[in-house]
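Chain by chain, the residues:
2 protein chains.
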Amino acid sequence: MDLENILREKAKIFDSALNGNLTPRDPKIFYEALRWIPLSGGKRLRPIITMLSCEAVGGVPETTIPLGIALEYMHNSTLVHDDIVDRDKWRRGLQTTHEKFGLSLAIIAGDALIGETYRMLSYMAPPEMESVTFKEIIRSIADAAKKFYEGEAMDIEFAHRFDVSIPEYMVMVEKKTAQLYWLAGKGGALIGKGTKKQVENMAEYGKLFGLMFQIKDDLLNILTDQAELGKQKIGSDILNGKRTLMVVHALSNVSDENKKKMISIIGNEKAAQSDIMEIIDIFRETGSINYAQNNLKELRRKAKLCLDVLEESESKELLMALADYSITRSY
Amino acid sequence: MDLENILREKAKIFDSALNGNLTPRDPKIFYEALRWIPLSGGKRLRPIITMLSCEAVGGVPETTIPLGIALEYMHNSTLVHDDIVDRDKWRRGLQTTHEKFGLSLAIIAGDALIGETYRMLSYMAPPEMESVTFKEIIRSIADAAKKFYEGEAMDIEFAHRFDVSIPEYMVMVEKKTAQLYWLAGKGGALIGKGTKKQVENMAEYGKLFGLMFQIKDDLLNILTDQAELGKQKIGSDILNGKRTLMVVHALSNVSDENKKKMISIIGNEKAAQSDIMEIIDIFRETGSINYAQNNLKELRRKAKLCLDVLEESESKELLMALADYSITRSY
Chain D
1 MDLENILREK AKIFDSALNG NLTPRDPKIF YEALRWIPLS GGKRLRPIIT MLSCEAVGGV
61 PETTIPLGIA LEYMHNSTLV HDDIVDRDKW RRGLQTTHEK FGLSLAIIAG DALIGETYRM
121 LSYMAPPEME SVTFKEIIRS IADAAKKFYE GEAMDIEFAH RFDVSIPEYM VMVEKKTAQL
181 YWLAGKGGAL IGKGTKKQVE NMAEYGKLFG LMFQIKDDLL NILTDQAELG KQKIGSDILN
241 GKRTLMVVHA LSNVSDENKK KMISIIGNEK AAQSDIMEII DIFRETGSIN YAQNNLKELR
301 RKAKLCLDVL EESESKELLM ALADYSITRS Y
Chain A
1 MDLENILREK AKIFDSALNG NLTPRDPKIF YEALRWIPLS GGKRLRPIIT MLSCEAVGGV
61 PETTIPLGIA LEYMHNSTLV HDDIVDRDKW RRGLQTTHEK FGLSLAIIAG DALIGETYRM
121 LSYMAPPEME SVTFKEIIRS IADAAKKFYE GEAMDIEFAH RFDVSIPEYM VMVEKKTAQL
181 YWLAGKGGAL IGKGTKKQVE NMAEYGKLFG LMFQIKDDLL NILTDQAELG KQKIGSDILN
241 GKRTLMVVHA LSNVSDENKK KMISIIGNEK AAQSDIMEII DIFRETGSIN YAQNNLKELR
301 RKAKLCLDVL EESESKELLM ALADYSITRS Y
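Note that the protein sequences, when read in sequence, are chains D and A.
For the first sequence, this note's numbering assigns the number 1 to the initial residue and increments by one for each residue that follows.
For the second sequence, this note's numbering assigns the number 1 to the initial residue and increments by one for each residue that follows.
Please note that the accuracy of each hint is not assured.
Note: identical chains are not told apart, hence a pair may lie in one copy or across any two.
27 Å max Cα-Cα, derived DSS-like pairs, lysine-lysine [to be verified]:
| hint | residue 1 | residue 2 |
| --- | --- | --- |
| 1 | K100 | K28 |
| 2 | K100 | K89 |
| 3 | K302 | K12 |
| 4 | K28 | K147 |
| 5 | K147 | K135 |
No wet-lab data here; the hints were simulated from the structure.
Sequences and hints are given; from them, build the entire structure.
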């Protein structure tokens, strides 16, 4: 099984659904801004997990498409606005929405994508909704979104602090990254009419997948070759002052001298590439990279355990493979 | 009947509901940013119209509270983000959210208010939903929000043009201001189980009310005494380059010489207060202020006609009085 090929095939279902739904209309520039990030690629992992989770409990995978697309809209809305917050200039090899269309259009494009989330849900056909009420789905997605904003607010606040603890970091990532995956796993199993235990476990699997995905993303930002990173610079998270698991771990395990160095470089837009490389060396010295990698392995173990409640099937195997992929993937 | 007193009394219902729903939680600064504008006062006209519209067709007014609050959340989300787009520093006598809390928190506070809209709707109790399906309500609000963003995008684009036509202007205002009022009128009548004709007419009443409200707002910006405007300056819309009905009308009825003057002053942040006053004089010369005022009277006539489908009642009288208020109110 070539997982990456299978993922690319499955992603196409959602690429074309999104392309169809986001038809350009007037005002033209607004719809261009709206389409920019959602149609720029993306792995579509949330809808894929929703679909697999439904199928793995014996449901019809296609019935999850509206929820899957809704999750993509919500996710993409957060990307558009998060790029403004982080002042990022590039995403998926393209200019970010605010760089390309200006701040005003980027704000309302993100807003409109939030609206599309709920409009899409309003088109869910009744048959899929038997076991779960529509209101519960609406509330779950609104709850997940709210947790994202709380996590984003924590992330913004962390940027002013050098004493963020590992538990605080984990709460932030759980809110900011893991919630939509949690809902992907849960929603798929609910729509597929899984047992209570299956629904719980698939929600937990989704959450763990989200945590792994974020920690791996942070590792890739410092361990990937420049050639593969494209326009992004190695260690750009350090420049941006992002509190990653490595930063948080290193800060509480570093010598006083190196701590001063970290404080002077992390989040310093004027830092040179050699400064960044020094910080990455400090991560190695403090064992922070190992710490993150061990963390990933432990999360993967737990994620795979969640799948014990599923019968053997191709979709279960894919979910197993996805757990591996989330920590072995390259950029 | 002292309408303004009655409105203030009714607004309190929604003030306290919003205060209760937006309880401060962690992260504290995020919830402070979220509460800032929604709890800063506001006339609560959308929920009041929803409630009156329900009562006027024979329904139980309290059953509209969740929809009314949802409309307030949506409206407030647009205010928070619109203030960023317009670079406004003041609202309701307070700093705008981005001025007080910074751009990042203002963006996510607005996003979270959009989410609160739908969460609130997910708590609508079944009895109120008999005649209208919950999905239709969700879709209607998502549609209204989308039209708002389209209108906002038009407004952003208008700021670069001196050839906006009156019909273009009316489409923009209909999308940006009238849609949520349209839904307020419609939703109230639907929840109150009005006849098809009553629902149609109340939707139309809401739309006309929204148009009047916006045009009157634009007039007040140039015709109110400085003392009453507080921190806002007379004619600040001119400084901000806003295309109001007066600007659009004047531009197509002005001498070439004065047109040049208009183009050099409108949207010019460096314009002096005397320049602004000159533009207001041009509005008078071109009959643009009269034009807007006559427009208001015609809209009011149509709005009152919509109410013909209602039995006589106190709420009908209040809706009549509201139509007058929308064009006679002071700041």
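* Hints that the structure is at odds with (numbers, increasing) -> 3
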